[in-house]
Amino acid sequence: MKRRGFLMFRNRLALGLIIILLGVGFFLSKMGVFALELRLWWPAILVIIGIAGLFSRRSILWNACLVFLGGFLLLNYHNIIPGNAWNYFWPAALILVGVLIIFGNDRVRVRIHERNSEQNPGQNSSKGQDANDFPDYVVLLGGLDVRNNSQNFKGGRASAVFGGMEVDFSQARMQAEEVNFSASAAFGGIEITVPKDWQVIVTGTPILGGIENRCQSPQQEGSPRFRLNASAICGAVEIKN
Numbered sequence: 004m005k006r007r008g009f010l011m012f013r014n015r016l017a018l019g020l021i022i023i024l025l026g027v028g029f030f031l032s033k034m035g036v037f038a039l040e041l042r043l044w045w046p047a048i049l050v051i052i053g054i055a056g057l058f059s060r061r062s063i064l065w066n067a068c069l070v071f072l073g074g075f076l077l078l079n080y081h082n083i084i085p086g087n088a089w090n091y092f093w094p095a096a097l098i099l100v101g102v103l104i105i106f107g108n109d110r111v112r113v114r115i116h117e118r119n120s121e122q123n124p125g126q127n128s129s130k131g132q133d134a135n136d137f138p139d140y141v142v143l144l145g146g147l148d149v150r151n152n153s154q155n156f157k158g159g160r161a162s163a164v165f166g167g168m169e170v171d172f173s174q175a176r177m178q179a180e181e182v183n184f185s186a187s188a189a190f191g192g193i194e195i196t197v198p199k200d201w202q203v204i205v206t207g208t209p210i211l212g213g214i215e216n217r218c219q220s221p222q223q224e225g226s227p228r229f230r231l232n233a234s235a236i237c238g239a240v241e242i243k244n
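When the letters of the sequence shown are read in order and numbered with the working numbering, they come out as residues 4 to 244.
Bear in mind the hints are in silico, worked out from the structure with no lab data behind them.
There could be a bad hint or two in this list.
Straight-line distance between alpha carbons at most 30 Å, and here's what the computed DSS-like set of lysine-lysine pairs gives [said to hold, decoys possible]:
| # | residue 1 | residue 2 |
| --- | --- | --- |
| 1 | K33 | K157 |
| 2 | K199 | K243 |
| 3 | K199 | K157 |
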């Protein structure tokens with residue numbers, strides 16, 4: 004699946020989940036479980052727009068602010084925040100800004116390059132390049148595109164929460180017969196590309212999400228095995244060669 008198709012799948016997933024949640028809410032309202040009044044729940048629209056924007060990897064700051072504002076208004080309208088809710092607004096906003104600064108794209112990429120420099124001091128690497136033998140990629144409220152060209156790949160991990168990640172191992176090489184790689188996506192997506200001569204084995208159970216293996220099996224015998232343990236909670240994990 005091409006990148007565009009992968010992003011479209013994530014957008015459809017987000018839209019479908021939103022519609023399901025709305026349907027469940029109105030269904031429970033009709034059953035008398037709780038009252039779903041539009042005047043109390045309209046801020047949820049801001050939350051929905053923000054989450055959909057995070058799925059499509061548009062402006063992280065703008066969409067995170069929409070989620071924050073909508074969530075704050077919901078808590079205020081339902082009297083979950085004690086006292087005057089607006090007294091808590093600016094402190095909470097400062098916390099949000101701090102989180103975005105800490106977990107922005109640049110920090111994720113810098114951490115990757117720092118590890119690469121420590122483990123491969125004689126090797127220069129451009130932005131988006133990594134030679135870590137056991138990489139650990141993490142994305143929170145952001146996006147990451149990285150190419151790993153390790154010549155002694157030993158496995159690793161990838162986690163995406165409210166964000167998207169594309170990891171390219173097409174130039175990497177294994178020395179072992181088999182490696183294990185874990186990928187976890189929650190309200191986000193991970194796309195992994197591996198060499199055509201790797202045998203891919205995928206295990207995992209999606210929860211309101213999708214795990215897809217689009218790899219073609221190698222023709223030669225004795226191919227190195229890439230064992231992917233994937234989990235997708237309201238998200239998607241895809242592997243291809």
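Hint-by-hint comparison with the structure:
1. Distance restraint check for K33 and K157: the Cα-Cα separation of roughly 54 Å exceeds the 30 Å cut-off, and the hinted pair is therefore not satisfied.
2. Restraint check: the Cα-Cα separation between K199 and K243 comes to about 9 Å, which is no more than 30 Å; the hinted pair holds.
3. A C-alpha spacing of about 17 Å is found between K199 and K157, which places the hinted pair at or below 30 Å, so the restraint holds.
In summary, the structure is inconsistent with hint 1 from the numbered list given earlier, while agreeing with all the others.
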